[in-house]
Structure formats: structure tokens, C-alpha cells
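J.: All chains, please: the whole structure from these sequences, using the hints.
Chains as they are written, first to last, in the working numbering: chain H, 1 to 428; chain V, 1001 to 1357; chain F, 2001 to 2514.
Hints listed in this document are in silico derivations from the structure and should not be mistaken for laboratory results. Small disclaimer: the values here were computed from a predicted structure and weren't measured. Don't take every hint at face value.
[Said to hold, decoys possible] Subject to a maximum C-alpha distance of 25 Å in a straight line, what follows is the list of computed BS3-like cross-link-like pairs (lysine-lysine):
hint : chain 1 : residue 1 : chain 2 : residue 2
1    : F       : Lys2010   : F       : Lys2082
2    : F       : Lys2380   : V       : Lys1146
3    : F       : Lys2373   : V       : Lys1216
4    : F       : Lys2082   : V       : Lys1088
5    : V       : Lys1217   : F       : Lys2380
6    : F       : Lys2388   : V       : Lys1216
7    : V       : Lys1219   : F       : Lys2370
8    : V       : Lys1235   : F       : Lys2308
9    : F       : Lys2146   : F       : Lys2504
10   : V       : Lys1243   : F       : Lys2136
11   : V       : Lys1291   : F       : Lys2076
12   : V       : Lys1243   : V       : Lys1086
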Amino acid sequence: MKKILAIMLAALMLFAFAACGGNNATDGNATNGNADLKGMSESPISEVALNVDYEVPEDFKIGFICLHDENSTYDLNFLRAVDKIQEKLGLKEDQVIVKVNVPEGNECYVAAKDLVTEGCKVVFANSFGHEDFMIQAAKEFPEVEFCHATGTKAHTEGLKNYHNAFASIYEGRFLAGVAAGLKLNEMIEAGKFTAEEAKMGYVGAYTYAEVISGYTSFYLGAKSVCPSVTMDVQFTGSWYDATEEKNAAEALIAGGCKLISQHADSMGAPGACEAKGIPNVSYNGSTYESCYETFIISSAINWAPYYNYIIGQTVKGEEIAADWCGGIAEGSVVLTGINQDVAAEGTFEKIQALVEDIKAGKLNIFDTANFTVGGETLNSYKADVDTDAAYTADTEVIADGYFHESEFRSAPCFDLRIDGINLLNEKF
Amino acid sequence: MKKMNFHIVKREPMVWYKAVLVRAIAIIASLLVSAVVIMMLTSKNPIQIYSSMISGAFGSSLRIWSLFQNVAILLCIALALTPAFKMKFWNCGGEGQVLVSGLATTAVMMFLGDALPYPVLIIVMLAASVLAGIIWAVIPAIFKAKWNTNETLFTLMMNYVAIQLVAFFLKYFVKSGSGILTPMPEHGLPVLFGQSYLLNIIIVAVFTVLVYVYLKKTKHGYEISVVGESENTAKYIGINVPKVVIRTLVVSGALCGIAGLLLVGGTNHTISTTTVDGRGFTAIMVSWLAKFNPIYMVMTSFLIVFLQKGAGQVSTDFRLPSAISDIVTGIILFFIIGCEFFLQYKILSTKNRKEND
Amino acid sequence: MSANAAIELKNISKYFGGNAANKNVNLTINRGEILSILGENGSGKTTLMNMIAGIYFPDEGQIFIDGKEAVIHSPKDAFRYKIGMIHQHFKLVDVFSATENIILGLSEKGRFDLKEAAQRVKEISDRYGFEIDPMKKIHEMSVSEKQTVEIIKVLYRGADILILDEPTAVLTPQETRKLFSVLRKMREDGKSIVIITHKLHEVLSLSDKVAVLRKGEYIGTVKTSETDEGQLTEMMVGKKVSLNIDRSEPKNCEERLVVRNLNCVDREGVKILNNVSFTAHSGEILGIAGIAGSGQRELLEAIAGLQKVNEGEILYNNPKTGACDNLRDKTPMQIRDLGVRLSFVPEDRLGMGLVGNMDIIDNMMLRSYKKGKSLFLERKGPRDLAEKIIKDLEVVTPDAKTPVRRLSGGNIQKILVGREIAASPTVLMAAYPVRGLDIGASYTIYNLLNKQKEKGVAVVFVGEDLDVLIELCDRIIVIGSGSITGEVDARTATKEEIGLLMTKSADSKGGQAK
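T.: Below is the structure:
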């Protein structure tokens, strides 16, 4: 028996060392060690400090529910913000409870309930499909605040303790689009292709408003500096599918796209771009470390300001808004630094100037003067903002010459198919 | 010349208490090895990790209910696959069979929920779910029986079709265009004694006994065993093999239908492409580990759900990457499966023998 | 240690699970000598030789080759010691030619030259008197040709110790004689030959010495010239056994089963049964002789409803009702429903007749589980039957709940035959029912068949051992390449006569029995 045990132990040790080896390898690939590279610049948006005007009691607890774990860039973005706020507020480990890999089903309700049992005063969930189960839990525990990112139902559900949040990420995407447009201009000038051939590719997950709003603002950003640009969009039908996203990016490149951006969470598209040497505008965070030859810039939502807001309101006993949408001014929309080896000359300065315009309210992303639908400029459009059984378009969203995105509810509702963007498949 | 200095020899069957002892040692060894790995990778105290695992599974009444609810669903799918497996029909399509059943349940809840009186609705849900499961399971069975197609590939493919069918359904029938169908708990299965999962657990417990009896005590079960052991023997004694294959997959599909009903009607009250969440595949492991014995499957499904819940709690409590808890789960399963080898074989050293001579 | 000892085994033991396949075996194989390893099935002959050939590794004991200790881990190691074994089941690639198979797996230095290899093959076969076409493909060969390829393969690799496992099992008497003459030539060439066998007359006609094993233990070695059948049997079995079959005269013969112009093809459309006609009478044992694979299996399976029939009819005269039913194109279930009491002991015991992983009781139910309308199984009857068979046929088993595959070949066969007889059949077909059985068990089976015959059952016996066929049967029909090539009276026929009929070509005249 001893002998058997010894052999099994030996086999397992080998297995364990193999596992360690694997870990080290991923840690080690970050450096590329090329001294000639100029590398990343600062972010063109100066950091907004978190404004903490409250004391967090010792017994306060907050719980987070994430659809996947740190391997998904989407969830990683939320988790990083959790670390940020925890550090800022000096919260102890047991004051912040994070549940990862919670599917969009009854398990989400169980997780929320479990967090309440653990004593959380605020429960936050990060995936669109969590919403109904968060509402279910919110109804059961009226004394606990339930906050949900990307959801749409808070303003119609009428629960005092259920809230939606988002960020005006279309501003960030617009700015990233400007960087893309400048890069196209640079390549046109260098004679790599003509202005008419300037086509971008975009890998999207689904044909939801969130994605449409995202790629439209990105396109409008590029178009503001490179008027001849067009864009192809390929949908994958999944928020996280490295293979499909890689395939979609490769198909777009094969279809003549000169620059790729994406709204999906894996490294599929950036990886494909790096392999083919096609410039890439990323999302959720920098992919510079693994794609330093093609990465230009990335926009992302910083959730820390929202966490700060909901913790503050709860601690102070004040109401949390049913819908909350942070922008550049709140520090919710951020840009990474610019890869100076890939981005066009003057990108940094151009974006910096536009940031000031946005902050000053001088620049409206969805200005109806800048886009047409079916060849015509829109004066009026009703979007489906309120969640009801019939899903009717219920709210007038165009006024003062621009589309009021994220004003009537936090989640995006821009779902217009504007000219210049060609959807390759709409099956998802 | 360098030579292997051991060889492997089949051993005679062990007495039961020895076999239990070997398994217990395997579990203890797995915990020890996991402890070493945890310490090397995270510098956390392994005792804390284990207590966190236990608390993740049993820490509160909610967790215990959730644990048993998950065991029930996983066990139900494993029960569904087992008759097919006993027949050596490698049904890897549990995922799809449960998903289409769930879809059928969803459709009934959605379109007939308000139209039918509640008791009738439940019956229609049951019928639709079971029928959908049967259709999904029986198609590969017919192809296998008539044209001897490979059932493993066929059932796997049917999984993808099922997923796309659900995606299609959500795209075309969810009017918000968000692809998320709002749960309809008002049309769900009845809640017993205020415990939303109790009904699921009771139903699966009943089916566990039924499947056990079906496989061990009925003529059908006997025919399944004969076909599984040797198709030639089955033909020799006059069993109509295609008929048994199809009939067994009807049973398999019907049970998947029950699982789909419980998952959608009794738990989620809605559907998404990830509703089954890989359980159709995990169930394969549950069934194999239990050597296709439904009673043992209670234990193996419990073990797997316990490990999943425990691992989840570990990554929550210590904010470890979930990969760490997956490694621990992997080590434990490795030992448990690996010890089966030592129950059947022993390793003899050739070197020792010579020294002894 | 004798001067010309090639291999010496010292205290060799090998265990499978808790069972000793070989226990403390000491054995010497000399150069220039033919040694027979004699023993009943399960006595450990093959296991012992497999250890010399590198298939198994001994758990205890040592092997000496030319006086030096040898460690043989693989067949490759064995070849290094110039040991080659010809297994019972040939290991040849069907689509390759003889030469290609012979050089397969060799890694010789220099250029690969098929022609040169073929030349060497030719040389070897000329030297020992083999008849072989080096370029002929395996799938075009007869069993005996394939065996020749296996032997040359071993010689080509330079073996001078050859081990042959039951080499005559698949050969006709004529082919056996040819093989023996080749082996004698090799002996003259100084090679050591070991043949594993359980056939006494072969031992006596071929070998110089006989080593006898019994239940894994080494009993002793005797010189062939100084022994006889009686002594060898006693050494093998451990007690005196009478080797006589009491053959009674057939009584009350009626035509029970009439097969007319039966034609069958296999999956590829190749004809496997060609106009087969014969009649089996009640109260008589009809023997079917033929080279293995001549269509015996298909013939019995066609009668049992397991093989599709293309032409012809299978008529059954029901002794109870007097009706005459055609069994053609009926499933086994339909045949049973007609009231035909047909029992069938198939050649493939664990693959067809029994389920290895099921216990004895569940195997008893195979034929009868369907009885009654209940959804549930009735295990009481089968349990009683299992207990009865275990008792009556002296089946060695821990209990009736033991999986059948754990039992020895003889005990497995007793259970199968016991079950088939328990159904009180009117026709009993048995394919190779004593293959692999020890002498005691074989005679148990012969007696069971004889008793059935006396009860008025029409017994059809497919056998390979012509001595047994002649002793046991009343009439013998011979099948060759799917056709009936002749019919003889077992009481007057000789082995040679039957052997000639076995190899008679299919299209020669007289393909039908009288």
C-alpha cells in the first residue's frame, strides 16, 4: 500500500510542477524587450480622482457577481475596479465578496441571496442576463441595494432598491475611432491604399443596442477625421468566443479591412490582427503587451466611480439613482495610453482637444448632422427605452440636433443602422 | 542496458472493506497533494481552503438547498444517459436533449402559460418536454439502428443544433431584441412547502429508484445489458437489436426531458443557450464514475457538485483565480479515478524480485 | 545441465490475479530436438512459452539461455536470443504479400530491397521444403500457407529456437503431415522445436521428448519412445481416464431437419454457402467436418435464423404436430414461436452463446427471460437451473453469482451446453463444443451429446478433430469452401478419406449429399 501511495504521490507532484510551470510562462511573456520601441504614452484623458466623502463602517459588506472570471477581459475590467475601490476605501478582505463564474440563470439569484446571507448591504452584478434574477432577489430583500450593470429595467420596474448603471462609453469609442481615422489617413498618405479603399472592420457580439451604439460611435469618430471611411461589421453571437472572434477578424481582413476594432471579450480579434500586421483598436483594456506591433488605443469603462457612488449612497443612507451613467467627466469612461509605434502622429493631441470639447458639451457624438440613415438626415426617432410587454418604441430620443444616448436610461438604446456601415451578418 | 524495473499485474478482486480503504486513502492522498499544491501556488493555509470548500457546500441552508438542487439536476441527466451507456450507445447528446426539452417547456410556458388552466399547463409542459427530449435522442438512435452511424458524433452534433435552435428562438420570440427572456415563475412547477427546490429533489429521487429497478429488474433492462455486452449474443437469443436501441433512447430522451422540465420549469423559468451549462457532459462522468449504477450515481454526482461548489467558494473567499480551485478539483478527481486502477492491478517490481532471489 | 541445452527454465512462476498460471516450472529445451509441451487447456502451456517469447514476464524464477541468465521483456528481446514463436492466431497484414509480411518491422541497415528479401525467403523455403510463393498476398492464402509465412518470418529473423502454439489445430491431416516433415528437417538442421499441443497422437508421431504440464505445474519430461497414450494421459489429467465413447446405434430415425439447396453470401457478396443440402435425423449424431472457415458457422447460423439465406429452404418436421415448417427468413424469435425446439451451441461461446460479464443465473435466462407477460424478470427459475447445472455437470465456480468470464473454458462450455440442453430441444446444433476443453470436460460433453441422441434429438455436431468425429458421429458430411463435398458413414470412414474430401474443390461434382 505504501508503494502505491508513493507512486501516486510522485505522479501528482509531476502534475503539480507542470501546473506551476504553466503559470510562470504566462507571467513571463509580458516583456518584449525591444529597446527601439517608443512604447505607450500616457492616457489622453487625465485621471479623475475618486471623491470619497464618507466613512465606511467596519461591518459594511459589498458583494459582486461576475459572469466569468479574470480570463474574460470584460469581467477583468470589473474585477480591477473592485481592487481599485477596495484599496481606495481601505476595505478588508471580508468586506468585499466576489463571486465569479455565475451563469445567467437561477444560479445568479442563488448567488445574490447567498451574498445577502453573508451580510452584504449592496450586491452588484455585471452581466446583462443577470438582470431578471437580480430583480427577483431585490424583491425578496428590500433592505439590500441591488445594482446591475448594463441592465434596462430599473426605471420601469419601480423598485427602490434595484438600480441600473452604465457609462457613456460611446464617447470613449468615438475618441478611439478618431485614433483609428488618423491611422487610416496616415496609411492613405503613405500610399498603402486610396481614400476610397479606407475600410474598417468591426467584430461585434450581438445585434443589441449596446453593440450598435458602440460601433456607430467608433465609426463616427473615424469618419470625423477620415470622411471617406466605410466599415464592415461581423457578429459572432457570443460575448466570449476566442475562435469565432479570431475567425471573424480574419474574414474581415480578407475582405479588405485595413483596421480592426471589436466589441467582444476575448483576445481573438487583437491576436488575429497582430498575426496579420493589421492595426487594431481594442476594448476593455490595453492589449499592448501581447500585440505591441498593432495595438493603437483602447477605450474602457472604469467601474470604480460607480462602486464609489453606490457604496457612498448606501453608507450615507441616501437613495441610489435608478439609472446612472458615468462619462468622461466622472472618470467612468477612460482611454488607455496610445501606442506611439503604431498610432499616427498627433493622435494624442487631437484626442486631448476633443476630450475638452466633450467635457464642455461642445461635441455631441450622435449629432444628426454627422450621419444619415437611408440617405436622409433624421429629425425624429422613437427608441424602445421602457421595458414593457409589447416592446414598443416609446420615447423620442432626437432633440436639439442630436441623439440623446443614455439619457432616458443608462443602457444604450441607439439602434439605428446608419449609412457607411455594412453589416455582414445579422443572424445574432 | 536500462530496463523497466516494474511491471503491472492484474489482481484478484479485493474484499469490499479493502476497496473502501483504498478509496479512502486515495481521497486523503488527494487532499494532501492538493494542500502541497495550494501552498506552493498561493501561500494560503490548506486547512482554510478545505474548510472554505465545505462551507461553500454546506455553509447555510441556502447553500445546502442549492447543493442538492444541483445534485438533483446533474443526477437526473446522468440517469438519463445511463441506459444508453449500459447499451454501449455513447450518448454524448445529453446537453442538447436537455436543452431542447427546456426549450419546449419554455415555449409552452410562454405561449400557453396564460391560456391554459394551471394543472393542464403543467401536464402540457411535461408532455412537450418529454417529447422534445425523446425526439432529440431518438434521431441518432434511428440512424444508428438503420444505418449504423456513429452515435458519438451524431449526438454531439445534435447539441449544436439544439443550441442554435435556442438562439433562434430567443432572437425571434424575445421582442426586446436583447436575447434575454424574462423568467416566468408564475408558470413554473409548483413549489412544495415553500421550498422551491424540494419538488425537483423528490422527483429525481423517485427516478433514481425507478431507473435502478428498470435496469436491474426488468426485461427491458436485461435486454439493454445483453445488447451492450454483445450484439451477437443479442441476435443469437432473438433480441431485435434496432428496436432495443431505439426504445432505450426513447427512455434516455424522456429522462432528459424530465431534466429539461426541472431545469426550466422548476428552476430557471427561462432559457438561454447556456442553461444546461455543460451538465450534459459532466453527467457522462457521473455515470462512468458510478459504473452505470444509479445508486452509486447519487454519490458521484454529489461529489462532483460538492467539488464545484467548494471550488467556487474557495475562489470567492480568497479571491484566487478560479484556475486554482479547478486544479484542486482536478487533483481530487485524478486520485479518485486513478485509485480504480489500483483496485484492479498491482505493480510488481522486477528488481526487488531478483534481489530477493 | 545437459551439454546441448538451449533454454533452461528455473522455478518459473506466473500469476494472473490470484491464480497461478505457472508454478515453479523447471524445464530444459535442447538443441536439435523436438519437444512437445503437453497439457490440457488451462494447464499453462501457452503462458509458459509466452514468457520465453517475451509476451509475458515471469513473476518469479529465471530463464537461462545457453547457460546465461536472460531477461526477456519483449518479442524483440526474444529475437535477440534467436527465439521465435508462432502464435495460434496469426499476426499478418492481409493486403501485404508474404515477403512484405516477413520483413515487416525489421530495421536492417542498408537499402530496403524487396527482391533480395524475396530471394532469401525462397532460399529458406527451399532449404526446409516449404511450398510458398513469396509474392502472394496473404488474403489469397489458405490457413496452412499463412502458417508457413509465420514460420518463415521467424526463420528469416534468424531464430533457431521455434515455438509453435497448437500448429495443427487449423490443418487438414495432409497438411499436418507436410508440416511435420518440415519440422523434422529443421531438427536435422540443429534447431530446437517446441510444439504446444494437447493431441496425443501428434506428440507420439513427431516429438523426441514430451514435457507435461498440469494445472500450471510441471509434471515431468519423458522420452516419446518410452511412453504411450495411457501414460501421457495419466500425467496430463492426474488420474486414469478411459478414452472411449459409447456409441449406440441410432434408433427411431425420422427426418427432423431437411436443408435443401441452401445458398448464402457474405457482406461483400462472396458466396459462402453453395447449394448445401443435407438431412439431420432424430436419434442420430450428424457430424460436419471441414477446414475451419469453410462455411460451417454460416450453415448453422442460417438454420438458427442468424444468417440471411439467398436461396434454398430449411424444413423442420415438428414431431408434436407433424407440421412441416420452413425456417428460412425467420428470426430466432419467430422460429421459437413456431414451436421449433432448436438449441444451438455456437462456436463463439462468450461472444455469442453467453455474456461474459453476466453471472451464471443471468446467462441461464438468455433464452427464457421473455417468458410471461410481466415487465419484470423472473430469476427464481434460472437460479434453480443454474444450481442444477453446476451440480449435475460439476461446474467449478465459487457460486451461481460469478460472472461467466471468470470461469475456465471447460466450465463455460458446460454452462452453455447445459443451458441449451435444458430447453429439451428436438434439434441440437453444436459448433466445436470441445474446442479448448480438457479431456475430462470433452468427454462430459460427448456423453451429453450421446444422451441427447438417445433421447431422440437430432444432433448436429461440427468438429475439427477427425478422430473424435469418427468415434462420436453416426454419419459425417464434409464441407469444403461452402459446398458439401461428400458424406461418409462414420463407422467405416478413415481420417484420410475425410481429409481428401475436405480439400476437394468446391465445383467438382458430387457437391450434394445423398
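J.: Hey, lysine 1235(V) versus lysine 2308(F), does the alpha-carbon distance stay inside 25 Å?
T.: holds (13 Å)
J.: Given the hinted pair lysine 2010(F) and lysine 2082(F), is their alpha-carbon gap at most 25 Å?
T.: holds (19 Å)
J.: For a C-alpha distance cap of 25 Å, please report whether lysine 2388(F) and lysine 1216(V) respect it.
T.: Measuring from Cα to Cα gives roughly 24 Å; hence the hint holds.
J.: Does the structure keep lysine 2146(F) and lysine 2504(F) at a Cα separation of 25 Å or less?
T.: holds (19 Å)
J.: Between the alpha carbons of lysine 1243(V) and lysine 2136(F), is the straight-line distance 25 Å or under?
T.: Violated: lysine 1243(V) and lysine 2136(F) sit about 45 Å apart, past 25 Å.
J.: Does lysine 1216(V) lie within 25 Å of lysine 2373(F) when you go C-alpha to C-alpha?
T.: holds (17 Å)
J.: Does lysine 1291(V) pair with lysine 2076(F) here, judged by a C-alpha cut-off of 25 Å?
T.: Between lysine 1291(V) and lysine 2076(F) the Cα gap is close to 38 Å, so the pair fails against 25 Å, i.e. violated.
J.: Check whether the Cα positions of lysine 2380(F) and lysine 1146(V) lie no farther apart than 25 Å.
T.: violated (36 Å)
J.: Please verify whether lysine 1219(V) and lysine 2370(F) have alpha carbons no more than 25 Å apart.
T.: Within the cut-off at roughly 7 Å; holds.
J.: Does the alpha-carbon distance linking lysine 2082(F) and lysine 1088(V) stay inside the 25 Å limit?
T.: Judged against 25 Å, a Cα distance of about 44 Å means the pair is violated.
J.: Could you grab the alpha-carbon distance between lysine 1243(V) and lysine 1086(V) and see if it respects the 25 Å cut-off?
T.: With Cα atoms ~16 Å apart, lysine 1243(V) and lysine 1086(V) stay inside 25 Å; holds.
J.: Is it true that the CA of lysine 1217(V) sits at most 25 Å from the CA of lysine 2380(F)?
T.: holds (12 Å)
Consistency with the previously given hints fails for numbers 2, 4, 10, 11, ordered from lowest to highest.
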